[in-house]
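J.: Chains as they are written, first to last, in this note's numbering: chain A, 1 to 290; chain B, 1 to 303; chain C, 1 to 361; chain D, 1 to 399; chain E, 1 to 399.
Treat the hints as calculated values from the structure; they're not laboratory data.
What you are looking at is a predicted structure, and each value in this text was computed from that prediction instead of being measured.
In this text, a Cβ means the ideal position worked out from N, Cα and C, and glycines have one as well.
The hints are all genuine.
Taking lysine to any residue pairs in the SDA-like style, the calculated list, with each CA pair at most 25 Å apart, reads: (1) D:110 to A:205; (2) C:165 to C:208; (3) B:217 to E:100; (4) A:284 to E:26; (5) C:127 to C:117; (6) E:80 to E:103.
Beta-carbon label-pair distances, calculated as ranges: (7) C:10 to B:154: 51 to 61 Å; (8) A:31 to B:291: 29 to 39 Å; (9) D:254 to E:273: 54 to 64 Å; (10) A:129 to C:191: 55 to 65 Å; (11) E:191 to B:288: 54 to 64 Å; (12) B:154 to A:100: 41 to 51 Å; (13) A:31 to E:16: 27 to 37 Å; (14) A:278 to D:29: 46 to 56 Å; (15) B:20 to A:155: 37 to 47 Å; (16) A:37 to B:157: 14 to 24 Å.
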Amino acid sequence: MLGGLGESQELDSRGPRGRVRPRRLGLGDWLLPVYTVIAFVFLLIPIAYTFVFSFNDSIKSNISWRGFTFDKWLNVCTVEGGAVCEAFGNSIIIGIAATVIATTLGTMIAIALVRYRFRARGAISLLLFLPMATPEVVLGAGLAAQFLAVGVAKDMTTIILAHTMFCISFVVVTVKARVASLDPALEEAGRDLYGSPSQVFWRVTFPLLLPGIVAAALLSFALSFDDFIITNFNSGAVSTFPKYIYISASRGIPAEANVIASAVFLFALVLVIVAQVSRAARAKRLAKLG
Amino acid sequence: MAFAAFQTAEVVPQAPRKRSRIALFLLLPGLLYLVLFFITPLFSLLLTSLQAPSEFGDIGQYDYAFNWQNYVTVMTDYWPHIVRSFGYALAATVFALLFSYPLAYFIGVKARRWPMLQGLMLVLVIAPFFISFLLRTLAWKQLLSDESFVITSLKALSLMAPDAHFTGTPFAVIFGLTYNFIPFMTLPLYTTLERLDLRYLEAGSDLYANPFTVFRKVTIPLSMPGIVAGTLLTFIPAAGDYVNASRDFLGGPDTQMMGNVIEANFLVLLNYPAAAALSIILMAAILVLVGVYVKRSGTEDLL
Amino acid sequence: ACSTGGAQGKPTAAADTSATDKTVNWANWAAYIDEDDSGAYPTLERFTEETGIEVNYEVAVDDNNTYYGKVKDQLALGKDIGADTAVLTDWMAARWIRFGYTQKLNHDNIPNIVNLNPALRDPDFDKGRAYTLPWQGGFAGICWNKEAIPGGIESVEDLWNSELKGRVGVLSEMRDTMGLILQQNGVDIASDWGDEEFDAAIEVLREQVESGQVRNIKGNSYLEDLKSEDTLAAICWSGDITVINAEAGDKWEFAIPTAGGTLWNDNFLVPIGSPRKANAEALMNFYYDPEVAAEVAAWVNFITPVVGAKEAAIAIDPELAENQLIFPNEETLSNAHIFRSLSGAEEQKYQAQFQSILLGA
Amino acid sequence: MSVREFAERGADLELVGIQKRFPGFTAIEDLDLTIPAGSFFALLGPSGCGKTTTLRLVAGLEEPTSGRILIGGRDVTGTKAHERPVNTVFQSYALFPHMSVLENVAFGLKRRRIGDALGRAHEALRLVELDHLAQRRPAQLSGGQQQRVALARAIVNRPALLLLDEPLGALDLKLRRQMQLELKTIQEEVGLTFLHVTHDQEEAMTMADTVAVMNKGAIEQMGAPAELYELPRTSFVANFLGQSNLFTGDVAGVTDAAITVDIAGARVIVPTARAQRHTGRVTIGVRPEKVTLSREAIAPSSDRNALGPGRIVDVSFSGVSTQYLVAIPEAGTVTVFAQNTGSGPVVGEGAEVWISWPVEHGFGLDDVAEPSSRFAADDDTTSIAAQRREELVTELEEG
Amino acid sequence: MSVREFAERGADLELVGIQKRFPGFTAIEDLDLTIPAGSFFALLGPSGCGKTTTLRLVAGLEEPTSGRILIGGRDVTGTKAHERPVNTVFQSYALFPHMSVLENVAFGLKRRRIGDALGRAHEALRLVELDHLAQRRPAQLSGGQQQRVALARAIVNRPALLLLDEPLGALDLKLRRQMQLELKTIQEEVGLTFLHVTHDQEEAMTMADTVAVMNKGAIEQMGAPAELYELPRTSFVANFLGQSNLFTGDVAGVTDAAITVDIAGARVIVPTARAQRHTGRVTIGVRPEKVTLSREAIAPSSDRNALGPGRIVDVSFSGVSTQYLVAIPEAGTVTVFAQNTGSGPVVGEGAEVWISWPVEHGFGLDDVAEPSSRFAADDDTTSIAAQRREELVTELEEG
Ligand SMILES: Nc1ncnc2c1ncn2[C@@H]1O[C@H](COP(=O)(O)OP(=O)(O)OP(=O)(O)O)[C@@H](O)[C@H]1O
Ligand SMILES: Nc1ncnc2c1ncn2[C@@H]1O[C@H](COP(=O)(O)OP(=O)(O)OP(=O)(O)O)[C@@H](O)[C@H]1O
Ligand SMILES: NCCCCNCCCN
Ligand SMILES: [Mg+2]
Ligand SMILES: [Mg+2]
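Pulled out of the complex, with its shape left as it was, chain A reads as follows (with noise of 0.2 Å):
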């Protein structure tokens, strides 16, 4: 980097014809990929640690290694009458609950804002904005003190509630992209080829929208999926697994919570890779066809 500083007088020493000088190795040629790779190290060790620890021997607490089993993989549901994977459940079933209502209601939203005009558009987008401008425990103290004042108790509804609440916002920035990027004249195109507007709408628009639909509703899922802060405070004796676990590292986390997050882990990992591999073999069969 440095180097190129003192350039131009080396070019005037240089005669006219100089030799053909060999070009420095630019930084990024070596300097960035041993980067790279070091910092994937980095960003996996505790990923590889919890996989590892997810085979130890361990009777309670996981912290020392005792040897290798599998026992924690086959018996997952068995320690401590289930809690693991019952926390677990409940997070599915809450992820899921949660994606599907904020998902409909945000795409609802990024569609009106794209499309239509109003006037209160600068509040709207104020509104949207101020959740994930928020952190997670003025979300989660504000709701927990709103519920008990209504004298709602905690149970899943309120973490679902919840939940919904603060996707709601990511669903409308990642949809809105979409629609954004949505050239109208498709849709005038529809219209002119005799579709009605609902035809137009389900034949068009969403299918158009899906990828977006999808990519948010995935988001949604993970940030439900991984929340502790907000359902920490409205979960009431409800588990989670983000709760079990804050809640048993006070007392020793057990293998099987290493047990399912390896296998989330591994799971969403695949799909993903799957994903990843039919894209780039279909965008390779694209050009070829192309």
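Could you slot chains B, C, D and E with the ligands onto chain A? The hints should help.
T.: Using the frame of chain A, we list chains B, C, D and E with the ligands on its own:
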């Protein structure tokens, strides 16, 4: 997948249609939801923050009042935590940016020629998303505990004082925050860098700028939207986080952040007005900071 | 007036469905019950065998305050908190009774209550044990890692030894940590003392925390720090090291500090929203069988409130009878004191002062 | 005519007193237009003149502020887009990216529940010679192929009226010329009414039976291409459709056969029948290819106008022909095209020349051209380039 | 020449034995090229022929696999882009979107720490008449304005060599012609060496002193525009640079003055000096504007070739001229351009005609044109359109 959320596609100019009942139908349910479960809670938080203890009440009993001194009290009691929260969050944001920028640059720019590799690396960036962040944090706690391989080696190499420790220190908390928010920093950076038109860089070098100057004058300004989005996505949650700093995770008594204080007041001390006042302060401070930052960096349309 | 965050009128007890719902959810502290190598709880299994009631034993209590924080909103609404019985310390149990968060016990369902140690029958907060029943008692004292500190430690003062800098833990239970420090300062915690004494003790703690001498302040999770060896010496509860010693080798030792330890008692109670009170009572009755109590005591090494347990313990292992942690003699007991009860205002004030140290303010 | 029916032949289109206002902007002032059934009609005009708006009004994608739209005699003004027997080929094609080529083409048929949609779609694809790519996605096609799919998707519905909004705008010149040929062929084959919008004058002239030149939301002139080219009526048309040399002066004499105009002293004759105005200040013109250069002075005669002497200020060779710019003191700068046939005077820059043209090729306009008003804003590219050119010419003239 | 200095005049550029291989593709085979200082050089060629690659090699944005690059006599092969006294006007302009117009223009000066960068930038902006928009962002400018900023940004550095990579490619025809004029003027004013890449043949011919036609990574022919147009040496050049009527046959006789070629029975004469090959099978050609149509039979003479009779299969009026397609049994389809001067035969479709052209305008090629090899793949748009056209012609011929 999840990271698609950070990707923005080309925007096709749309002629917004006139006002219509359809728009109302589309907007109303979602907005009503947010009013009910976001605005109203914030409002009740505001009311709570002004409450005063019940006159003859037991612990944790308060009455509605206009006790604005609560704000003064929490400010005087907890100003170190306020400062600490923003300090840690800032540090974590800076570290995450420094860590992520080269990574995102490699994935988004250098790896363009190999879409498969690019895809794979993106998967690796978001991989941490798929494993509970609490578990990841605990894993670091174990990996960096006093008797761990890393710490004992560092001590053996005299890179660390023999009586020093890592967990429970500010470094550990900042480390944890940085680690946990790296994907939130990397992905927006990646999406802008992936769309970075290399022809601008070529134009820069064609106009006598050396690689470093091109980076400073062209690459950085052009990736500003990604930098802003990434820093916001990191800073906001980091400032309000209380898991990393929790005494059961990477923190200790002198690393407690605003989130921990709010939690303690809410759940242990049962001092709801204090917790609410702190929440309001935290939120207001973040909004002001974000507003100023976004204005300064000239990326208002980002929101 | 409109108020939040406490008892707005007392919640009413849930209807009991124990007859049809043969389960009981038990929220307890870590290292507080017998547990074998596979992680199973032998006495609980026997209980299920005898009564047909399944037990969900949950280690849900890390300290009294955080547990209360988790469940208080549900309690205020009279909702199920997920536990049919929880084990809480006297002062917290007193608060629950005051707020109407507990259900009245039906002593008819607990015939073994006759075995309750007479000294524990009429505490101030629950005359005649209408709402609570002791589970275990114990001391708060000091413990240390024998490998790292072969010489051992004797007093709270020893914890402040600079060689232990950054490797000392104290409890987040205000009464235990402050009780020990107050006694180190020469205060009799059972009798009259006031702000002045408390302030002085708080200063001691503050200094040690700020200087970094104290690594962490935790509830029952201090055991994890001991195990990971992040802390080498700590303020501990008497029986706890027995359990971790069984898990990781005979590594730790406990002592009541020379200036005195605290003595406390933890109690079963039935939260107001529980629909399985009868099952919980069956559970209590079971553990008031002296033989069962002895078996638990042999494991957890806390003070059992059950009369006759000593005799039963001798049957298991004669040495147990001499164990001062389970069956303390007068001398041992004279070295430990009960933290005096606090008024609501005192509670609020002292907790706040103590928390401000936990929060590093 | 119901949308459920196939059009046997094109329908005629009638726009009556159409006005279209957008908030703060009137895109179409007062438009009357009749397009006979079966014709290939081109709507030509500069950017922003309202061509797309007109098309969208016809398609039903926009509602007129006032006026009526009749297709095949039936008033469709209040009818929605999907109920009109009209189809559009959009500039961007607007092919559905999530459907195959075949599904795209069959879309309209399926919406109308017309039997054997796929069979008919295949047939339409055969017409545009793309049936072998029926299973591809639009993204897998080249620009020209996409254009043909868009055409097939519209034509398969046999609309009474086919609207084309610059369907060739995105293609490069070569492909564009080839697609023009195809489009024309297909129109002739299927015999529908085509309303084709473009801003490319050459395209309009080579393809259409009738060309209408639109300007600022109104139609300035309309007619067969050669007719319009040979006899433009306004300075806008004269300049927009091809290039023109325009001269402004006072009418000095009128006979039944011709008017004589005084152009800064020189007399120029225009056939009376070809002049819109016969008195006062008028602008007359002649096309650059009608003008002949000569190195010697030419005397004007009753059937030939002559101006000169002037000086050649620019010569540019473009292969087929050479363009000369001649600065004539009294008349300004005159453009002359000469086909490079190999014969005729080859003159270089700076040479002194005379120009002449047959009287029969002159035309007289309805308005007076204001040289400066030809350009919109002073910072707009067109006007700056034009100014530079003028300056350059002056510079060369002086130096 | 240091990059710290301003070029007083253009430098010449020399490419010696340049080869450029990309992984799996050789973009440039073996390129030698010399461009004299101060000239306006146009590199012309079809898409993908290697024009951009050549430019990038010169700019230093790409390294040659082998060969040397000399600018002003100095070998710059191993030098990085920012160290070369060269500037580029990119096709996409590549204006920095985050800087104002002024900052864009001053960028290069500031990097070289040249004094009064802003003053000079303003001066350059005045040159392109955009100084009043100096504070705008590029996104706020029209396409033509952006193009002028890009030009100013390059020119302000007074590079010894200015590279222009289709800077006009994004503009519409009208604007394009105007910008060509400006570009040429500026080049003449500042006197730098311009290397201009385009695929628009008209642009190359009207602007450049020298045109090089590139094909598949090599230069096929190079020379003054008129020279290249009048005497193309290969069928590629004959077809790429303007249109040509090509006929293939065997040489039937050679004299010093002329060769005679047997085109399916008819004799066609080409001046020997204008023919690359004098024996065997040869392809000869003539430009469409050189061909004259007549309704009567014309006898070939020693200075005029004649073919016929043929039939007009297509007439297309484009304003300035009319294009006729004449199908002649022995010779295939011949294109004829006739300027619409108002004189000459006006013939309609189906008419029987004879064609003729002066011998002096014929040319003989170095290769033999293969009619089918002109088109790449069978489903590519170009070829399909061409096939359709052929079919159409046949159809009309038959019917
Ligand atoms: N929705 C709208 N709101 C306001 N003005 C509009 C709207 N649509 C078009 N206009 C204006 O109406 C005028 C005519 O637009 P139109 O699109 O019909 O032009 P056009 O002739 O098709 O131009 P082009 O050749 O550039 O496509 C323009 O000035 C345009 O800015
Ligand atoms: N980085 C690269 N890797 C592989 N092939 C390349 C690369 N860059 C260019 N090519 C190939 O080299 C050939 C020449 O490309 P180049 O861009 O020079 O063409 P061009 O003449 O500028 O075409 P156009 O008129 O389309 O711009 C093309 O076939 C192109 O696909
Ligand atoms: N492991 C069980 C420890 C029980 C401690 N009870 C809390 C006593 C508080 N004074
Ligand atoms: Mg338009
Ligand atoms: Mg190119």
